[in-house]
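When you get a sec, could you build the whole thing from the sequences and use the hints?
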Amino acid sequence: MACQVHLEKDRQACEYIDNILNDAWDWQAEPLKVIGKDATGNIICCVVHGRHGPMYHRAITGISDLFALDAKVIDVDTIINEKASYHLLMATCLDIIRWPGALWNTRKAKFIATLRPHIAGSR
Amino acid sequence: MKVIYYCFAGAHASVVSSAIHCGLLPENRIPTYEELLSIPYYDQTDPAFVGMPYLMGDDEFGNPIYFMGMWNQRQALASTLERLLVAGGISSETYILQDSFPMLNFSTKVGGALSKRLLFTSLGRRISVWGIQRRYPQFVSLVENVKKRLG
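Line by line, the protein sequences give chains A and B. If you're matching positions, the first sequence starts at 1 in my numbering and goes up one per residue. If you're matching positions, the second sequence starts at 1 in my numbering and goes up one per residue.
Just to be clear, a hint being listed does not mean it is correct.
Claimed, not checked - Pairs of lysine-lysine residues, derived as DSSO-like cross-links and limited to a Cα-Cα distance of at most 30 Å, are as follows:
#	chain 1	residue 1	chain 2	residue 2
1	A	Lys37	B	Lys2
2	B	Lys116	B	Lys148
3	A	Lys33	A	Lys72
4	B	Lys2	B	Lys148
5	A	Lys72	B	Lys2
6	B	Lys2	B	Lys109
7	B	Lys147	B	Lys2
8	B	Lys116	B	Lys2
9	B	Lys2	A	Lys33
For the record, the hints were derived by calculation from the structure and aren't laboratory data.
See the structure below:
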C-alpha cells in the first residue's frame, strides 16, 4: 500500500493487498517486488522481510553502497506502529477489503494519511 | 567484478572462502589452527550486524572480495539482492553471489554455536576450526569454481 501511495495510485492499493492474499505474489521465495516508477524516475519496490527486517535493511543498504545505488529503505511497519495499534488496524483492514468499498475507504484513508508524510520526504 | 560469499552468520564459511579467494589462506595445503584464527573476522563478526557485507580484500586480479551472513534467509535474501541490482540497472556479469554455507559440516556448526551463542569461545573455535580443516579441500574447490566464473 505504501508503494501505491508513493505512486499516487491509492485506489489500486486495495487490489494489491487482495493479490497478496490470493498468493499472486510468492513473497517467501522472492521477497522483493518492483511496483513501479514514480514521477521523478525512482524505482519503487516492496520488500517482505518477516521478522528479519533489520538484516534485510543492512543487506539492502550495504549492497546498494557497494554498487553505488541510491537506495532508501522505508520501514512501513514502524511508521504505522508508532501511530496506533497496528496489528488490530491491519487485521480490521484485511477483513474489510472483502466488504463493500465504502467501508474499506474509511480505513484506507487512515493508512494513507499516516504513510503520506514519510513517503513525501523520500521523493 | 565483485564477489560476495555468504553463509549463515558470516563468521566461518564465507570468511574462510573469501580469505582463500584473497590469498590469505593456502590453496595447496590445509591451514593450521593458528592460520585460520589469524584471518580477519574469523568467528568474530557481531551477530547484530548480520546482513552487512564486509570487505575481505582484493584477489590477484584486483576484484574486491566480500562476505556476509544471511541467517536462514539465504535463498530469499540472495533473490532480493539480485532483484534489487536488476532494478538498479546493475548487470549480473558485474558480480557473483556465492553461497558457501553448504561447505560447513556438523562440527563447524556446533563449534560456531558454542562460540557465538553459548559463549564457549575457546572450545567452540577449536571445534569449528577442526571441522573446517576436514572440509578444507571442498572450500578450495568452491573458490576455484568461482575464479573460473570470473574468467
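Hint check:
1. At most 30 Å may separate the alpha-carbon atoms for a hinted pair to count; Lys37 of chain A and Lys2 of chain B meet this at roughly 27 Å.
2. Proposed proximity of Lys116 of chain B and Lys148 of chain B is contradicted: the alpha carbons are some 34 Å apart, above 30 Å.
3. Proposed proximity of Lys33 of chain A and Lys72 of chain A is supported: the alpha carbons are some 15 Å apart, at most 30 Å.
4. A threshold of 30 Å between alpha carbons decides the hint, and for Lys2 of chain B with Lys148 of chain B the separation of about 14 Å falls inside it, so the pair holds.
5. About 22 Å separates the Cα atoms of Lys72 of chain A and Lys2 of chain B, which keeps this hinted pair within 30 Å; it holds.
6. At most 30 Å may separate the alpha-carbon atoms for a hinted pair to count; Lys2 of chain B and Lys109 of chain B meet this at roughly 27 Å.
7. A distance of roughly 11 Å separates the Cα atoms of Lys147 of chain B and Lys2 of chain B; the hinted pair therefore holds under the 30 Å criterion.
8. A hinted pair counts as satisfied when its Cα atoms are at most 30 Å apart, and Lys116 of chain B with Lys2 of chain B qualifies at roughly 28 Å.
9. Using a Cα cut-off of 30 Å, the hinted pair Lys2 of chain B and Lys33 of chain A holds, with the two alpha carbons roughly 24 Å apart.
Violated hint for the displayed structure: number 2, the only one.
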